[in-house]
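Protein chains: 4
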Amino acid sequence: MDKVIKFALAGGDMRQAQLAAMLARDGHRVYVSYMEKAGEIAGTEAVSAEKAFSDADCVILPLPALDSAGMLNTPLSQKKISAEELLRLVPVHTPVYGGRLGKSFMETAEELGLQAEDYFLREELKIANAAATAEGAVQIAMEETPITLCASRVLVIGYGRIGRLLSAKLKAMGAFVTASARKPADLAWIKANGCSAVETATLEPLLAKQDVIFNTVPATVMDRRRLSLVKKGGVCIDLASKPGGIDFEAAAELGVKVIWALSLPGEVAPVSSGAAIRDTVYNLLRERGVL
Amino acid sequence: MDKVIKFALAGGDMRQAQLAAMLARDGHRVYVSYMEKAGEIAGTEAVSAEKAFSDADCVILPLPALDSAGMLNTPLSQKKISAEELLRLVPVHTPVYGGRLGKSFMETAEELGLQAEDYFLREELKIANAAATAEGAVQIAMEETPITLCASRVLVIGYGRIGRLLSAKLKAMGAFVTASARKPADLAWIKANGCSAVETATLEPLLAKQDVIFNTVPATVMDRRRLSLVKKGGVCIDLASKPGGIDFEAAAELGVKVIWALSLPGEVAPVSSGAAIRDTVYNLLRERGVL
Amino acid sequence: MDKVIKFALAGGDMRQAQLAAMLARDGHRVYVSYMEKAGEIAGTEAVSAEKAFSDADCVILPLPALDSAGMLNTPLSQKKISAEELLRLVPVHTPVYGGRLGKSFMETAEELGLQAEDYFLREELKIANAAATAEGAVQIAMEETPITLCASRVLVIGYGRIGRLLSAKLKAMGAFVTASARKPADLAWIKANGCSAVETATLEPLLAKQDVIFNTVPATVMDRRRLSLVKKGGVCIDLASKPGGIDFEAAAELGVKVIWALSLPGEVAPVSSGAAIRDTVYNLLRERGVL
Amino acid sequence: MDKVIKFALAGGDMRQAQLAAMLARDGHRVYVSYMEKAGEIAGTEAVSAEKAFSDADCVILPLPALDSAGMLNTPLSQKKISAEELLRLVPVHTPVYGGRLGKSFMETAEELGLQAEDYFLREELKIANAAATAEGAVQIAMEETPITLCASRVLVIGYGRIGRLLSAKLKAMGAFVTASARKPADLAWIKANGCSAVETATLEPLLAKQDVIFNTVPATVMDRRRLSLVKKGGVCIDLASKPGGIDFEAAAELGVKVIWALSLPGEVAPVSSGAAIRDTVYNLLRERGVL
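Chains as they are written, first to last, in this note's numbering: chain A, 1 to 291; chain B, 1001 to 1291; chain C, 2001 to 2291; chain D, 3001 to 3291.
Isolated chain A (complex conformation) (with noise of 0.2 Å):
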């Protein structure tokens, strides 16, 4: 690291930690406020939020940055305090990076004139988090089956970031893969990397012969009649946010294994997630000329 910048990180869980004493261990020098329940992280200045952000080049907010009601999120603190609190105490120039924002934040922050800039909506960071939910999840169906990938059969429903490298990931440790989409595009891209390809809307004859299904689609795409043709034994694991892919009450019903695994990247790995942020801040500062 040629150029030693002064990082503020007030708030957020061990990753966040973590993330702290990377960025020393890089030579910066590190502020921590927020995070008492955390003990000493290494090569760091615990001080007031106050005085960090009044000194440094950068702040640095966890992900998610904010809890349900608005304030810093701060699981290894017991003060509180709300972002618009938090967002005065920031002089003008100095650039506010955090995890999933929103837009009341985005607002307040352009009210008082800062430059806030949401980490989370990165590509490299999205990519970053892919590899390693397509990883926690090839851990889960390890966990959760008791069959070798090795030999197996499994669908993996879905050929973006996540479909994609999970694909792989099975195919590379002997399973029998067969990926779905709907675009023309994402088929090609699945035959290009040597798996079977089905189109989406059509992967019921599939069903009954899938030792495992993975499901990446935000949308109910194992719904009751489709999950009616599993096989028995076969497991569903879906990772896919917000409402899911499958019918989790039907699943119940058909006695159909169902695992939803959310937030798997600062879960399996949070030392290789929190690498990811600072990479991407980095990238971040670059671009601003900072670093």
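Simulated from the structure, these hints should not be mistaken for laboratory data. Treat the hints with care, as some may be off.
Calculated lysine-lysine pairs in the DSS-like style (CA-CA distance at most 25 Å, straight line) [what the hints assert, rightly or not]:
id: 1; chain 1: A; residue 1: Lys51; chain 2: A; residue 2: Lys3
id: 2; chain 1: B; residue 1: Lys1126; chain 2: A; residue 2: Lys183
id: 3; chain 1: A; residue 1: Lys183; chain 2: B; residue 2: Lys1003
Now the stretches of chain D that chain C is said to cover, found in silico as 3 or more residues with beta-carbon under 8 Å [said to hold, decoys possible]:
id: 4; region: 3123–3133
id: 5; region: 3189–3200
Estimated spans, in silico, between C-beta atoms of each pair [unchecked claim]:
id: 6; chain 1: B; residue 1: Asp1223; chain 2: A; residue 2: Lys37; range: 48 to 58 Å
id: 7; chain 1: A; residue 1: Ser54; chain 2: B; residue 2: Leu1206; range: 34 to 44 Å
id: 8; chain 1: B; residue 1: Phe1248; chain 2: A; residue 2: Lys209; range: 44 to 54 Å
id: 9; chain 1: B; residue 1: Lys1242; chain 2: A; residue 2: Glu84; range: 47 to 57 Å
id: 10; chain 1: B; residue 1: Glu1143; chain 2: D; residue 2: Arg3182; range: 31 to 41 Å
Idealized CB from N, CA, C, for every residue including glycine.
Got chain A sorted already, so can you dock chains B, C and D onto it with the hints?
Positioned in the frame of chain A, the structure of chains B, C and D alone reads:
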């Protein structure tokens, strides 16, 4: 195939002849014209373009559709016909598909009230072609080096469609693969796919270690200065179209072996490439509601 | 299955119960005894060992066949029977198969004129178990580290069955894999399989870079001196049986995290492991001309 | 390299010349004789065999060492010398290494009290050659078919060194790979490596689906009956030495395209093959305590 279509194919090389045979094998009715030298193509009827076009549900022109003089590209025929004359034979509601149609062709078609579409602009065909190109690049690397790819060190410059598929194939063959890109998102993909990542702007220190350097970027990334860093015996394979990405003159002077590999899909895998055109035409017809 | 066989299974855990169900599903007649706690096993008949053995074409004992006191291994039963009593129930021409039969069992069988064979000595079962062990080791590495395997640095010590399959799986998951071996032939295999090779005797310089170190060698290759070179946060996973290959005491003192992973096949993939026993028994019967 | 050795190389083709250059590059002293047509080989000294052998620590003969008449194999020289004359030039304690030495050569060496060893019998060289052969076979398949290996169906007959490495490479290129073997252990390896397994005795039903069939078994597994089942356009590649494993006459009559690919390592990867000989010679010297 649930529905029988009448196809009229005019012009093109053996890839087009194979496309005709494949469509016939799928159960469709296929007219061919301007392909006399191909001999009899199983399952097809050789008739005049006039007769064929007037009866067909769909006209398919070759890739590229026209020669440099703007005439139909007819390497398998001694007859010549201009784009305009040809288009005048097409009934108004019959769709016309061809590869690299060009602006002038599209304008003529529009003036005549015809629906022409360039299948070479379709993403699924680009991906299938990238897969064939990547495989052809692996073949060339094997042919042009006295070493095995297994245990070799290779660099892939650029991480678009071809760079992605090529890196994966090289890694799978046992090479130690570094891929370069400019955008943070592409660098994230490289890491997520298990390769070593480097920014294209700073790949100099790596050049001396590489047994093979593949370029996929259509800009002179391998200039004289960089070529002078390539190790003795190192081979450069340029997959970039148009001006290419290697300074050929400098390479010749420096004694660096360079292979400029263009149009690989039709050359190394004409049948797979023909099948990709067929699939794309089917998609076009499906979207139009014809199939 | 062209021919119906009468199998008598006695003792064992749920893996044995699943083996019984699989044999029944293949169309064979299956007697089970000493497995009361398994409940009803679909397609099988629970009868006394006396009745079962007298009618069966083949007797299958569990893996391991005996407990430490030399009695039949019966975790699913409250009844006990000695190896000798059990063998006296077997008609002279009925083959007896079991896992880890041991010298004393074999001698008793020979005295009684019986043909007993240890299926655990069969190469195909060892390979199938190695595949399940390798997959289980990948799972443990995922569970026990806060990083993704993708982009991690891992070392596999020993390149026998497990080392070979494990290295391939780790590489496929995106890790940078170094494997070590002593014999030139194994080092050649490592290179041929696209991994970095190092002699086990000289792996010290690599230790500080490894995120995970897997040992497959049943001798103390990871002694105090080597453990002291492992990087902070590095994890050691020992897959070697008997004494293990890691000095656990030294590791505890040095603060190196060690996981001793034994008997993985039955634990992480009981169904696949049961199927592997079934396939091996079929091979034994085929070679005997019974199947 | 901690110790400098004096090597005397006599005879051989360009692979031997490259071996000489590699040894010199490693810092050793290298004498070459019977290689005049190779021109000057960097770092080596061209002297008479008499002078070279008398001073050397180790004599290296080519692969194969002798021609069909029992003379030193000297394609790069116009001079001739018999095996016996050559051996008479070697001091008693100087080890002699060569490839395919043959019985008569070994006997002569023994009579003269010399320590001769055939490096071609070493397992590590066989494995390195298998890797080069497998890669060459992939290259031939790419060159000889009008399709991409990606998404093709291929069969590999025999699962020894070559079959194993070839299957893995084909799978990695995106092909759907079935491998055949006779022994249960090899069938278990096929499954453990994530390929489809079939017994060689019963592969008939699969033949009609295969785009490419690779044979590695040195016995006529592809006889007239089996060849008649190969699909139109299917290609057979024979990698088996000696009599080969395909009935060439029947194939010609049936119109099945067959390529008999022999001696691939020296042809497709002379440098890697030369390096493998060097590594093997180093191992031999190390075991003798010379290195």
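Checked hints:
1. For the hint pairing A:Lys51 with A:Lys3, the CA-to-CA distance comes to about 22 Å; that is within 25 Å, so the pair holds.
2. Proposed proximity of B:Lys1126 and A:Lys183 is supported: the alpha carbons are some 14 Å apart, at most 25 Å.
3. Between A:Lys183 and B:Lys1003 the CA atoms are separated by roughly 21 Å; this keeps the pair inside 25 Å, and the hint holds.
4. With 7 residues having a Cβ less than 8 Å from any Cβ of chain C, the region 3123–3133 of chain D passes the three-residue criterion, so the hint holds.
5. Counting residues of the region 3189–3200 of chain D whose CB lies closer than 8 Å to any CB of chain C gives 4, which reaches the minimum of 3, so the coverage claim holds.
6. At about 55 Å, the beta-carbon gap between B:Asp1223 and A:Lys37 stays in the expected band of 48 to 58 Å.
7. A hinted range of 34 to 44 Å holds for the C-beta pair A:Ser54 and B:Leu1206, which are about 43 Å apart.
8. Taken as a hint, the range 44 to 54 Å holds for the pair B:Phe1248 and A:Lys209, whose Cβ atoms sit roughly 52 Å apart.
9. Look at B:Lys1242 against A:Glu84: about 53 Å separates their beta carbons, and that is inside 47 to 57 Å.
10. Checked against the hint of 31 to 41 Å, the C-beta distance between B:Glu1143 and D:Arg3182 comes to roughly 34 Å, which is consistent with it.
The structure agrees with every numbered hint stated previously.
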